[in-house]
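Peer 1: Here's the letter readout for the chains.
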Amino acid sequence: MISNLALFDAVPIGILLCDRYLVVQVWNSCLEHWTGFKRSEIIGNKLSIHFPRFAEKRYTSRLETLFQDGAPVIFSYQINGSLFPHKTNAQMGKVQHITATSYQVNTEDYILIAVEDRSEVSNRIKTARAALEEKEFLMREINHRVKNNLNMILSIINLQRDRAGSEKVLHILDDLDGRIRSFATLHEVLYRGDRVDAVQADEYLKNVLEDLFESLRKPGSEARLILDMDSFYLKAKTALYIALIAVEAITNSIKYAFNGRSDGKVELHLKKSHQESFLLYIQDDGPGFPPSFDYKSGESLGLKLAELLTEELGGTFLLGTEGGAYLKAQFSSGIV
Amino acid sequence: MFLDPLQQDSLTEIVTMGIGKAGNVLNDLLGSHISLSAPSVRIVDQSGLSLSFDKQLGIKLSAVEMRYSGVMSGSVDLVFTSGDASRLVDCLIGEDVIHEEGLDALRSGTLCEIGNIVINALVGTLSNMLNLELSYTVPSYYEGDTGQLIARAQEIDAKVILLAETNFSVEDLHITGTIIIFFSLLSFDTLKAALGVYLAQ
Chain E
-15 MISNLALFDA VPIGILLCDR YLVVQVWNSC LEHWTGFKRS EIIGNKLSIH FPRFAEKRYT
45 SRLETLFQDG APVIFSYQIN GSLFPHKTNA QMGKVQHITA TSYQVNTEDY ILIAVEDRSE
105 VSNRIKTARA ALEEKEFLMR EINHRVKNNL NMILSIINLQ RDRAGSEKVL HILDDLDGRI
165 RSFATLHEVL YRGDRVDAVQ ADEYLKNVLE DLFESLRKPG SEARLILDMD SFYLKAKTAL
225 YIALIAVEAI TNSIKYAFNG RSDGKVELHL KKSHQESFLL YIQDDGPGFP PSFDYKSGES
285 LGLKLAELLT EELGGTFLLG TEGGAYLKAQ FSSGIV
Chain D
69 MFLDPLQQDS LTEIVTMGIG KAGNVLNDLL GSHISLSAPS VRIVDQSGLS LSFDKQLGIK
129 LSAVEMRYSG VMSGSVDLVF TSGDASRLVD CLIGEDVIHE EGLDALRSGT LCEIGNIVIN
189 ALVGTLSNML NLELSYTVPS YYEGDTGQLI ARAQEIDAKV ILLAETNFSV EDLHITGTII
249 IFFSLLSFDT LKAALGVYLA Q
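First to last, the sequence lines map onto chains E and D. Position 336, counted from 1, in the first sequence is what our numbering calls 320; the numbers after and before it change by one each time, with no gaps. So our numbering is basically just the index in the second sequence, starting at one, shifted up by 68.
Everything labelled a hint here was simulated from the structure, so no lab data went into it. Keep in mind that a hint or two might mislead.
[Said to hold, decoys possible] List time: in silico SDA-like cross-link candidates among lysine to any residue, alpha-carbon distance up to 25 Å:
#, chain 1, residue 1, chain 2, residue 2
1, E, K219, E, P275
2, E, K41, D, S150
3, E, K41, D, T214
4, E, K202, E, D178
5, E, K41, D, K128
6, D, K128, E, D178
7, E, K110, D, T244
8, E, K202, E, S261
9, D, K89, E, I63
10, E, K288, E, T111
11, E, K110, D, C159
12, E, K256, D, V238
13, E, K221, D, V238
14, E, K110, D, G162
15, E, K255, D, S237
16, E, K30, D, T149
17, D, K128, E, I141
18, E, K255, D, K89
19, E, K110, D, R155
20, E, K256, D, G162
21, D, K123, E, S261
22, D, K89, E, S317
23, D, K128, D, A262
24, E, K41, D, D152
25, D, K128, E, S257
26, D, K123, E, F167
[Unchecked claim] If you only want the chain D side, here are some residues facing chain E, beta carbon under 8 Å, derived:
#, residue
27, D72
28, Q76
29, L98
30, D158
31, S195
32, M197
33, V206
[As the list claims (entries may be wrong)] Covered stretches of chain E, as calculated for chain D (at least 3 residues, CB under 8 Å):
#, stretch
34, 33 to 47
35, 136 to 145
Note that beta-carbon positions come from the ideal geometry of N, C-alpha and C, so glycine has one too.
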């Protein structure tokens, strides 16, 4: 009835042919090798005798559809496990991907089942995953150590504060503290977070900016920092640059917006606009930038730095005065 | 307008039956509760396809494709964003969410089986109800973006496209999959004629 079996034996995949009652007609040499069952043991018997799962309705009902509309049926390893295990060696040909199609021989309908051994692919994936996990572990370890080192530098800066000697040096140390703290917090968030390549922007910025605001606010001041941020992940480098830009803008506001008053506010909005685009908008309620102010001439290292960082991220940068000083930066990439 | 209201209603009914059947097969197979919502069915042209995927512009997509031939020819695809495809596979096989671009060979095999079940149930119902003799290729997995999806429609000269959006709900996960049936003009005329016969019965 079924001729030319040599063809089935010549291919490097398991092939079996069975009739609509799941009685095996062809069992190729590859399946003999992978399952340990000789064709003499299998042919003429129902498939479920040696592979009982083929008696389950969830498999028989799907195979029956091959005789109704003829659409191929797939059984993947992750959902079904190994449907043709070796009778003694559980590791042999374990990871199987199975495709069943209808096949006609002399006007009789049969089911042709092709079994691919994907064990090698699975092993490679496992190896790659293990390497990835190890890399993630090492990255976390590095982030932990870098964070500790940066905190040590912050402690040294803090000690140096006692010997500052002038307001100007104190301001420089404050600026430096804010910038380094952005790095330290990023490494802490990366170390503690569930991703090693990205951080949740709102959580990270909240950590950096609330600490910064508290540390720079003058004693007795009731100035407020209002954060209004969408929740999304940013690539680590993008998040760091956004934090540094925000640090510069907020530091600038604390220095100039609240002179002569104990209240006031700085608002920060971080809004995801479309797909990968997002907007950073920071505004205080102070007097705004002086008419002759030109940050590009080097009057403000911090704001110049903010512009450079925005450009580095391919964003657009705008400073202005409208009910206070504002910084507006728009970005079209960086969200993950 | 591609179909008159009666034909559109009948087609929606048949697609809904197919999706319902797919949900039952998935439940039996996985032994867990997965539900597929009643689909929203639309017929569009190539520019309509482009508009429908406007929100996914630039986002990586993961899809399972089965080509069909016989009295009609074309392709049926089940499309997810890659992130959603990954979440669905992880949820079904009980793995932690893995932050990877696209699916590896094993996980793409899993998505292939899910797509196979959904597409088979849909085309099986469609061909049974409308008496259409069709044969199908083995399902295959592909990744791409909206641009490539539209290029595919042009490549197979699909002038008419059926879009059926359904929500897959498993545990706390709710994701949207879109079934796309690409038709040539001739194939769509065959479908319309078959719907006419179905309605006359």
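Peer 1: Is the hinted pair K202 of chain E and D178 of chain E satisfied, with a Cα-Cα distance of at most 25 Å?
Peer 2: With Cα atoms ~36 Å apart, K202 of chain E and D178 of chain E exceed 25 Å; violated.
Peer 1: Has the given pair, K221 of chain E with V238 of chain D, been kept, meaning a C-alpha gap of at most 25 Å?
Peer 2: violated, 35 Å
Peer 1: Taken at face value, is the distance from the CA of I63 of chain E to the CA of K89 of chain D at most 25 Å?
Peer 2: holds, 19 Å
Peer 1: What's the verdict on K219 of chain E and P275 of chain E, does the C-alpha distance respect the 25 Å limit or exceed it?
Peer 2: violated, 37 Å
Peer 1: Is the straight-line distance between the alpha-carbon of K110 of chain E and that of R155 of chain D 25 Å or less?
Peer 2: holds, 19 Å
Peer 1: For the pair we were handed, K255 of chain E and S237 of chain D, check the Cα-Cα distance against 25 Å.
Peer 2: violated, 29 Å
Peer 1: Is K110 of chain E close enough to G162 of chain D, meaning Cα to Cα at most 25 Å?
Peer 2: holds, 16 Å
Peer 1: Should the hint that D72 of chain D touches chain E count as held when the rule is a Cβ pair under 8 Å?
Peer 2: violated, 27 Å
Peer 1: Is it true that the CA of K256 of chain E sits at most 25 Å from the CA of G162 of chain D?
Peer 2: Given pair K256 of chain E, G162 of chain D is violated - Cα atoms ~31 Å apart, limit 25 Å.
Peer 1: Taking only the CA atoms, is the gap from K288 of chain E to T111 of chain E under or equal to 25 Å?
Peer 2: violated, 47 Å
Peer 1: Run the distance test for K30 of chain E versus T149 of chain D: straight-line Cα separation, threshold 25 Å.
Peer 2: violated, 42 Å
Peer 1: Is K128 of chain D within 25 Å of A262 of chain D, Cα to Cα?
Peer 2: violated, 36 Å
When held up to the earlier numbered hints, the structure conflicts with 1, 2, 3, 4, 5, 7, 8, 10, 12, 13, 15, 16, 17, 18, 20, 22, 23, 24, 26, 27, 28, 30, 32 and 35 and fits the remainder.
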